[in-house]
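Chemist: So the sequence lines, in the order shown, correspond to chains A and B. Read in our numbering, the first sequence has 115 at position 114, and its numbers run on one by one without any break. Read in our numbering, the second sequence has 407 at position 21, and its numbers run on one by one without any break.
Be careful, since some hints might not be right.
As the list claims (entries may be wrong) - DMTMM-like cross-link-like pairs, simulated, lysine to aspartate or glutamate; straight-line CA separation at most 20 angstroms:
| no. | chain 1 | residue 1 | chain 2 | residue 2 |
| --- | --- | --- | --- | --- |
| 1 | A | 25 | A | 35 |
| 2 | A | 131 | A | 121 |
| 3 | A | 25 | B | 461 |
| 4 | A | 131 | A | 118 |
| 5 | B | 433 | A | 61 |
| 6 | A | 131 | A | 61 |
| 7 | A | 25 | A | 175 |
| 8 | A | 131 | B | 461 |
| 9 | A | 131 | A | 35 |
Because the hints were derived from the structure by calculation, they are not lab data.
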Amino acid sequence: MAVAAHSTAHEHEHPTSTGLNSRKLLFWAFLGSECLFFGSLIATYLVYRGRDQVGPHPHEILNIPFTSVSAFVLLMSSLTMVLALAACQRGNQRGTAIWLAATALLGATFVGGQVYEFTEFFMHGLTLQKNLFGCTFYVLTGFHGTHVTVGVIWLLTLFMLALRGRLPAHKALDVEIAGLYWHFVDVVWIAIFTLIYLIQ
Amino acid sequence: MTDHETPSSHAHEEHAHPGAKQYVAIAVVLLVLTVIEVAIFYIPALKGILVPTLLGLSALKFALVAAFYMHLKFDHRLFSWLFVVPMFFAVAVILALMVLFGVLARR
Chain A
2 MAVAAHSTAH EHEHPTSTGL NSRKLLFWAF LGSECLFFGS LIATYLVYRG RDQVGPHPHE
62 ILNIPFTSVS AFVLLMSSLT MVLALAACQR GNQRGTAIWL AATALLGATF VGGQVYEFTE
122 FFMHGLTLQK NLFGCTFYVL TGFHGTHVTV GVIWLLTLFM LALRGRLPAH KALDVEIAGL
182 YWHFVDVVWI AIFTLIYLIQ
Chain B
387 MTDHETPSSH AHEEHAHPGA KQYVAIAVVL LVLTVIEVAI FYIPALKGIL VPTLLGLSAL
447 KFALVAAFYM HLKFDHRLFS WLFVVPMFFA VAVILALMVL FGVLARR
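Generate coordinates for the entire structure from the input sequences, incorporating the hints supplied.
Modeler: Given below as structure tokens:
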């Protein structure tokens, strides 16, 4: 059944010189460029880690239990995202809408957690200008949070389309590309969670 | 080229995506790996192997999401190359800057 559903999604493709869907190809190239973007931000954080003259330092304020829950929430949102894609490929628009809403909700929960975390850090005196940790930490995690926020808006747009019955099986690629973006945001957080939070 | 041999049929090399059960199974594995990561962080006896273990577990989680949820295991190899090559350069940039700034020497 999965094979049939998958082939349905490709029925409306135009022939290309590579034989691959151009939108999907372009989106993977974009994700490749995003690897370099986040790589440079992570490199900056790691290079300046432990060189602060004044606090607060990472081990003083990073809240591992809280961030572990956030990481769990984002991981589970990846599951709901693939379930949305699977539902769309089967032509189940109600299921697609439900799983997309669940993914957007989990993403919004993650962003809410990040807003709470940033507020807590600010209360403890960590600002963007306070020290190297504050600057590199806020820029890296802030850009990630912005990506998640963009993803939530994208998912809500697809959710509205699914509700109106405008995401049939042959439009599954729209959901698949949004899913690629969402999973990328998830894998970036996997790296950030380990490199910034767990390895201090 | 016959009527049946379109450019798409040559280049696709794609397989069916996994089903819901396999997706849930991957999620359970990811959850267990995350629990192990956090548990290792809190065990003082494992401090000596903390960094390599966490990096290994993180890489495994990254690979599982990319392979199964992003379908790189099932889609055309070109997609994998478009993602893996820049990622290799990103890791190389991180390591090069750490060496340049003496971060690895400080450890």
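Chemist: All hints, please: hold or fail.
Modeler: These are the hints, each one checked on the structure:
1. A/25 - A/35: holds, 15 angstroms
2. A/131 - A/121: holds, 15 angstroms
3. A/25 - B/461: This hinted pair holds, its Cα atoms lying about 11 angstroms apart.
4. A/131 - A/118: holds, 17 angstroms
5. B/433 - A/61: holds, 18 angstroms
6. A/131 - A/61: Given that 20 angstroms is the threshold and the Cα spacing comes to 15 angstroms, the pair holds.
7. A/25 - A/175: holds, 9 angstroms
8. A/131 - B/461: Since the Cα atoms of residue 131 of chain A and residue 461 of chain B sit roughly 46 angstroms apart, the hinted pair is violated (cutoff 20 angstroms).
9. A/131 - A/35: Not satisfied, since the Cα-Cα distance of roughly 28 angstroms exceeds 20 angstroms.
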